[in-house]
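For the sequence shown, the numbering used here gives the first residue as -5, with consecutive numbering after it.
Simulated from the structure, these hints should not be mistaken for laboratory data.
With beta-carbon atoms standing in for the labels, derived distance ranges:
1) MET427 with GLN386: 51 to 57 Å
2) ARG342 with ARG372: 21 to 27 Å
3) SER264 with TYR(-4): 36 to 42 Å
4) ARG127 with ARG289: 19 to 25 Å
5) TYR186 with LYS383: 26 to 32 Å
6) PHE411 with ARG127: 41 to 47 Å
7) PHE411 with LYS383: 39 to 45 Å
8) ALA420 with ILE216: 48 to 54 Å
9) ARG28 with THR164: 53 to 59 Å
10) SER264 with VAL384: 25 to 31 Å
11) GLN327 with SER357: 30 to 36 Å
12) LYS383 with ALA420: 38 to 44 Å
13) GLU390 with ILE216: 17 to 23 Å
In silico DSSO-like pairs for lysine-lysine, Cα to Cα no more than 30 Å straight-line:
14) LYS393 with LYS377
15) LYS54 with LYS115
16) LYS63 with LYS115
17) LYS365 with LYS379
18) LYS393 with LYS379
19) LYS160 with LYS282
20) LYS168 with LYS54
21) LYS374 with LYS393
22) LYS391 with LYS379
23) LYS391 with LYS377
24) LYS282 with LYS161
25) LYS160 with LYS115
26) LYS62 with LYS161
27) LYS63 with LYS160
28) LYS168 with LYS282
29) LYS365 with LYS377
30) LYS161 with LYS54
31) LYS160 with LYS62
32) LYS393 with LYS383
33) LYS161 with LYS115
34) LYS55 with LYS115
35) LYS160 with LYS54
Note that the structure is predicted; figures quoted are calculated from it, not measured. Just so it is clear, CB atoms sit at the ideal spot from N, CA and C, and this is done for glycine as well.
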Amino acid sequence: GYKLEVGHPPGAPFFMLTANFFTQFVSDPSLVARMVNYMSALMSAACIMFLFWSITHLVKKLVVSDEKKITAGQFVIVIGSGLVGALVYTFSDTFWFSAVESEVYAYSSLFTAVVFWLILKWEGVADQPHSDRWIILIAYLTGLSIGVHSLNLLCLPAIVLIYYYKKNPTANLKGSLLALTVSAVLVAAVLYGVVPGVVKVGGWFELLFVNGMNMPFNTGVIVYIIMLMVIIIWSVYESYTDRSRKRMNLSFLITVAILGIPFYGYGVSSVIIGLLILGGLSIYLFSKNSNNTYRINARTMNTALLSILMMIVGYSSYALIMIRSTANPPMDQNSPEDVFTLGEYLGREQYGTRPLFYGQTYSSRVTLDVKGDYCEPRQKEEKTKYIRKVKQSPEEKDKYLEIHARTDYEYAQNMLFPRMYSSSYADEYKQWMDIKGHNVPYNQ
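Assemble the whole structure, with the sequences as input and the hints as a guide.
Quick look at the structure:
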């Protein structure tokens, strides 16, 4: 934060900016660390304040029937509950020690507390004409929080449930489960859609303009950013005026596509998945309810588009990573100077992959394919990456070179939730678990 250096993936640019602001208040470099510690302490204190307000809001709804006639007993219950809940969290080990260290977790806790408090503020004025402004503010803070830590996204399920219960006073278990499913889709859309999608589509534009049109580096990214802003603003305008349902739905679909939200994965498969998702979304947008009204009204779409716009504005703090990496600071991990290296940086690709849900164990063997008189290990779809071509002379055109990123193999033996998956630690696994083991025949 002090020198705005590029730390480990996926980075924390907004945390860096805030920490740098606090370090401006000291002239002695030996006091820099203390100032960032002060920042964590202040963020944690603010987190407790918002937690207190959230608890008192919820308890008040439970025990107070008329806010104009609060009895002394009700006042004690409301304030006492807030104090007990806030102080218990204050002195818990996890929170206390994150409050006294120069790390992102205190800041992330503050974002979580503020966002949850904001949805309670919305809940109090949900029936008023301008209540959606709270939803849009939540989206903006969510975008900013990505530049601190992605932990804040876990607040989305609670936000969706509060929204559902407020809009549906006769809520039931089925509706609650559906709301949780929608919240999971929202988390996935942000974490696996917006965050990598903007960089991915920006990379497509960059290749088109640099490799395809022989233009300088970053031309495609600049064009993409301009187009992205123009398309989102057009979508907001169409949903605000509500003059043409076809134009409104079309602008919404183009916005989702240019953000890269549906293009999950790599290569041709990501394009196919994206087209299928866009097709399903278009069918839903143009479908109608039994009363001949569209499933998503103009106000809801306008709020969603404004929320997307504000989230992108908050997420734009990641431009700091590319700007500072271009300056080549002393710490410049992964050197994310262009849109492709930024994608690798955001994707934490230096850490490799782990079979968290399904995959090989430490004793699994690579699947072999017979090729004539020899066997060849079976590989998964290879991922490629693009790097800048080193010029031999200033007259050469800028160009990106496609290179092989890594090789992943398919394994013959797989299982759900493998926890001992690395063959590098086979001896340690056997020692820890006292595994005797025996030979098992298999078809490799």
